[in-house]
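Listed in order, the protein sequences are those of chains W and V. Just so we're aligned, residue 4 is where the first sequence starts under the numbering used here, counting upward by one. Just so we're aligned, residue 4 is where the second sequence starts under the numbering used here, counting upward by one.
Derived from the structure by calculation, the hints contain no laboratory data. Do not rely on the hints blindly, as some may be mistaken.
If several chains are the same, the list does not tell them apart, and a pair holds so long as it fits within one copy or across any two.
Unchecked claim - The calculated BS3-like cross-link candidates involving lysine-lysine, where the alpha carbons are at most 27 Å apart (straight line), are: (1) Lys263 x Lys69; (2) Lys263 x Lys82; (3) Lys161 x Lys190; (4) Lys96 x Lys82; (5) Lys26 x Lys82; (6) Lys69 x Lys122; (7) Lys15 x Lys69; (8) Lys165 x Lys26; (9) Lys248 x Lys161; (10) Lys263 x Lys122; (11) Lys52 x Lys190; (12) Lys248 x Lys15.
Number of protein chains: 2
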Amino acid sequence: MLFGALEAGGTKMCCAIGDETGKILERMTIPTTTPAETMPPMIDFFKGKGIQALGIATFGPVDVVKGSPTYGRILNTPKIPWQFFDIVTPFEKALNVPVGLDTDVNGSCLGEVTYGTAKGLNCVLYLTIGTGIGAGVLANGRLLHGMLHPEAGHVKLKISPKDPAGSVCPFHDDCMEGLASGPSIEKRWGASAKELADRPEVWELESDYIAQALMNYIYTLSPQRIILGGGVMHQEQLFPMIREKVLAYNNGYYDTPQLKDIDHYIVPASLNDDQGLMGAIRLGELALTEVRPEIL
Amino acid sequence: MLFGALEAGGTKMCCAIGDETGKILERMTIPTTTPAETMPPMIDFFKGKGIQALGIATFGPVDVVKGSPTYGRILNTPKIPWQFFDIVTPFEKALNVPVGLDTDVNGSCLGEVTYGTAKGLNCVLYLTIGTGIGAGVLANGRLLHGMLHPEAGHVKLKISPKDPAGSVCPFHDDCMEGLASGPSIEKRWGASAKELADRPEVWELESDYIAQALMNYIYTLSPQRIILGGGVMHQEQLFPMIREKVLAYNNGYYDTPQLKDIDHYIVPASLNDDQGLMGAIRLGELALTEVRPEIL
Numbered sequence: 004m005l006f007g008a009l010e011a012g013g014t015k016m017c018c019a020i021g022d023e024t025g026k027i028l029e030r031m032t033i034p035t036t037t038p039a040e041t042m043p044p045m046i047d048f049f050k051g052k053g054i055q056a057l058g059i060a061t062f063g064p065v066d067v068v069k070g071s072p073t074y075g076r077i078l079n080t081p082k083i084p085w086q087f088f089d090i091v092t093p094f095e096k097a098l099n100v101p102v103g104l105d106t107d108v109n110g111s112c113l114g115e116v117t118y119g120t121a122k123g124l125n126c127v128l129y130l131t132i133g134t135g136i137g138a139g140v141l142a143n144g145r146l147l148h149g150m151l152h153p154e155a156g157h158v159k160l161k162i163s164p165k166d167p168a169g170s171v172c173p174f175h176d177d178c179m180e181g182l183a184s185g186p187s188i189e190k191r192w193g194a195s196a197k198e199l200a201d202r203p204e205v206w207e208l209e210s211d212y213i214a215q216a217l218m219n220y221i222y223t224l225s226p227q228r229i230i231l232g233g234g235v236m237h238q239e240q241l242f243p244m245i246r247e248k249v250l251a252y253n254n255g256y257y258d259t260p261q262l263k264d265i266d267h268y269i270v271p272a273s274l275n276d277d278q279g280l281m282g283a284i285r286l287g288e289l290a291l292t293e294v295r296p297e298i299l
Numbered sequence: 004m005l006f007g008a009l010e011a012g013g014t015k016m017c018c019a020i021g022d023e024t025g026k027i028l029e030r031m032t033i034p035t036t037t038p039a040e041t042m043p044p045m046i047d048f049f050k051g052k053g054i055q056a057l058g059i060a061t062f063g064p065v066d067v068v069k070g071s072p073t074y075g076r077i078l079n080t081p082k083i084p085w086q087f088f089d090i091v092t093p094f095e096k097a098l099n100v101p102v103g104l105d106t107d108v109n110g111s112c113l114g115e116v117t118y119g120t121a122k123g124l125n126c127v128l129y130l131t132i133g134t135g136i137g138a139g140v141l142a143n144g145r146l147l148h149g150m151l152h153p154e155a156g157h158v159k160l161k162i163s164p165k166d167p168a169g170s171v172c173p174f175h176d177d178c179m180e181g182l183a184s185g186p187s188i189e190k191r192w193g194a195s196a197k198e199l200a201d202r203p204e205v206w207e208l209e210s211d212y213i214a215q216a217l218m219n220y221i222y223t224l225s226p227q228r229i230i231l232g233g234g235v236m237h238q239e240q241l242f243p244m245i246r247e248k249v250l251a252y253n254n255g256y257y258d259t260p261q262l263k264d265i266d267h268y269i270v271p272a273s274l275n276d277d278q279g280l281m282g283a284i285r286l287g288e289l290a291l292t293e294v295r296p297e298i299l
């Protein structure tokens, strides 16, 4: 069975055709400019390919709560042409198939749960650390929305006294995205994460900020596994540093088999940066079959 | 239909007989001493009352993950006689009815969701602020366990420069329970919360610590409502202060109808401190009927 998949980003749109095993058979990437320019070639790509449904994993904030009057709309994004754009209806109308929708990070989480390192688990946190920081959450076997969707990249952290640079987030002076995203690394050290790979002080500070946030996610969500993806996490030296600091912050309090085996608890994304697109395939498949009760 | 309900606390055990509307028909409270002393009178209380099932909402940490080899056991508690005590099996054997189990705070959350202020919602945070601080979480219509259960009272906070007292938590020098629980208030100000009711500086600091934690829960869980219970929250002057500080910390970032109507978003517990016991009634009812898939 074939599904269309769209990973909609603020910079580029990745479209794919895939099957129910998550295999990607064909793909196309185009820049994200305006809906008027960007939507038609995507619709053309999906047309006539025999897809049974389409899954969209999109940048946000986006209204993913079914039944809401603004369901399907990108909300208050700094990408002005996309503000309040309904990204679902044009595809439904043009392709005449069910369309599943979630956030990009919930999509990545679903990709890892369906095809990757979190297979078989029912409570999982996927965190991307790149241009922005965002979290996808699987809770009790379903992607978490709640009143909108998690925005866990904006949790408050304790700023290190060794960090004079301050936050790059326009809303918060001490949030994780403001202190630990790719742009905040660039602002602080004057170079990109990649160029700073051999500067231990960069990763000492970065791993501390990430560990602070993970500690809070662990106590709040109690996930069975934490997956870290995104450009900054390509710096693999971060993993052992983050694990060590999480255990130090926990200080023996939360006593679980998973934390005792932390190398398999805090892990890298496993699908070669296709986790979002593969999650979108699965969102399509779920749109075909799932009744998603938003109310108990 | 009649159900037994047990709200098991470190200080006292509250037992009740209730019906499926949450009505409590009979109750008994005894001190929590040792299992050998405390269990037999509770079993006697429930015997011969025609209950169809028993629900237990207990202090923790406790293994509530069905299928785990230590399911039903209180884990590493400072109440030494109860360490690793299996609180489920003795009731199952003596009463010969299904037994439902969850944490005390998940029980309270379930009480509010079934009979109280969170009726009809599917993502809810219940926070108790008293001798300890703990959170119950309903996510996607089910109580959240994950790898164990949330321990959200231990999230890291930024210590106010006006707060020299330090943390009362033996594990963490900057966690919420260490800084904002009843005992931490007593340590800092030399009197109990009740005696400090007319000291605005006490509640200024307390509401800041609570707001910091709520901000992080909101970004991480995206709950549709937050319910604050427990002894400290009987200081009702805290509510407007907490709401104001949450909005200030959010700084317009998370833009939802719920936050615009924050008086109905961050609310007091609504069941006269019976939320835990009423939740336990419902845990009993669910034990009769529910298949609870711990794995997707």
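Violations among the numbered hints, reported as their numbers in ascending order:
5, 8, 11 and 12
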